[in-house]
Amino acid sequence: GEDVEQSLFLSVREGDSSVINCTYTDSSSTYLYWYKQEPGAGLQLLTYIFSNMDMKQDQRLTVLLNKKDKHLSLRIADTQTGDSAIYFCAEKDSARQLTFGSGTQLTVLP
Amino acid sequence: DAGVTQSPTHLIKTRGQHVTLRCSPISGHKSVSWYQQVLGQGPQFIFQYYEKEERGRGNFPDRFSARQFPNYSSELNVNALLLGDSALYLCASSLMGNSYITDTQYFGPGTRLTVL
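These protein sequence lines are chains A and B, in that order.
This note's numbering puts the first residue of the first sequence at 1, with every later residue one more than the last.
This note's numbering puts the first residue of the second sequence at 1001, with every later residue one more than the last.
Please keep in mind that the hints were generated in silico from the structure rather than gathered at the bench.
Check before you lean on any hint, since a few could be wrong.
No more than 35 angstroms apart at the CA atoms, straight line, and that leaves these computed lysine-lysine pairs for DSBU-like [what the hints assert, rightly or not]:
#1 B:K1013 with A:K36
#2 A:K36 with B:K1052
#3 B:K1030 with A:K56
#4 B:K1013 with A:K70
Stretch-level coverage of chain A by chain B, calculated; a stretch enters the list once three of its residues show a Cβ under 8 angstroms from a Cβ in chain B [to be verified]:
#5 43-51
#6 86-97
Chain B side only, calculated, beta carbon under 10 angstroms to chain A, not exhaustive [said to hold, decoys possible]:
#7 A1002
#8 F1045
#9 G1056
#10 S1065
#11 N1077
#12 L1081
#13 G1084
#14 L1090
#15 M1096
#16 F1107
#17 G1108
#18 P1109
Even for Gly, the Cβ is constructed at its ideal location relative to N, Cα and C.
Throw the hints in and build the complete structure from the sequences for me.
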């Protein structure tokens, strides 16, 4: 079945860039998503990328997709303390169902 | 516009009991999906409904069931609760149009279920 993997933890200094990585196995993935979850809250959609694109930029967020290696990354520029949260990568398969990774806990240090 | 709403926010049950969780989608959205998020893990897909019909089911036992009403709201039911059912239950809504763009899922705040 489909599998999405992420590193568990990332720690950066305020003002630096953060890069969160994700790998997936389903070659039929159509869209790939990044969601943010703050403590005790639901998931907030950050951005998404279609599988025939290799880059998408949205303000401080840059998504890079390497379809050959099935590798997705999310870069957050000028990371702020308010960016501290868990970030989930998710892929949508041909059945239009989302498969999520286990999440990356981003900690922003002052 | 209101986002996806879920009720209740927290719930405590004992093993063997039954629970009903409720979800109201974003106005205009016709599809609702349910996910289970166990502590420390990503959400796992349970069901998707569109226009009152089940469009997808994840790998969950028959103790889990759901339905969607004419106003597109939805209920998730879990029978014979087990300790392992303790989790955050998330509801997501989407337009579920023909385009994958309109199929983007927006999540509610979740219902925290604790089974003792």
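Exercise. Which numbered hints turn out to be false for this structure?
Worked result: 4, 7, 10, 11, 12, 13
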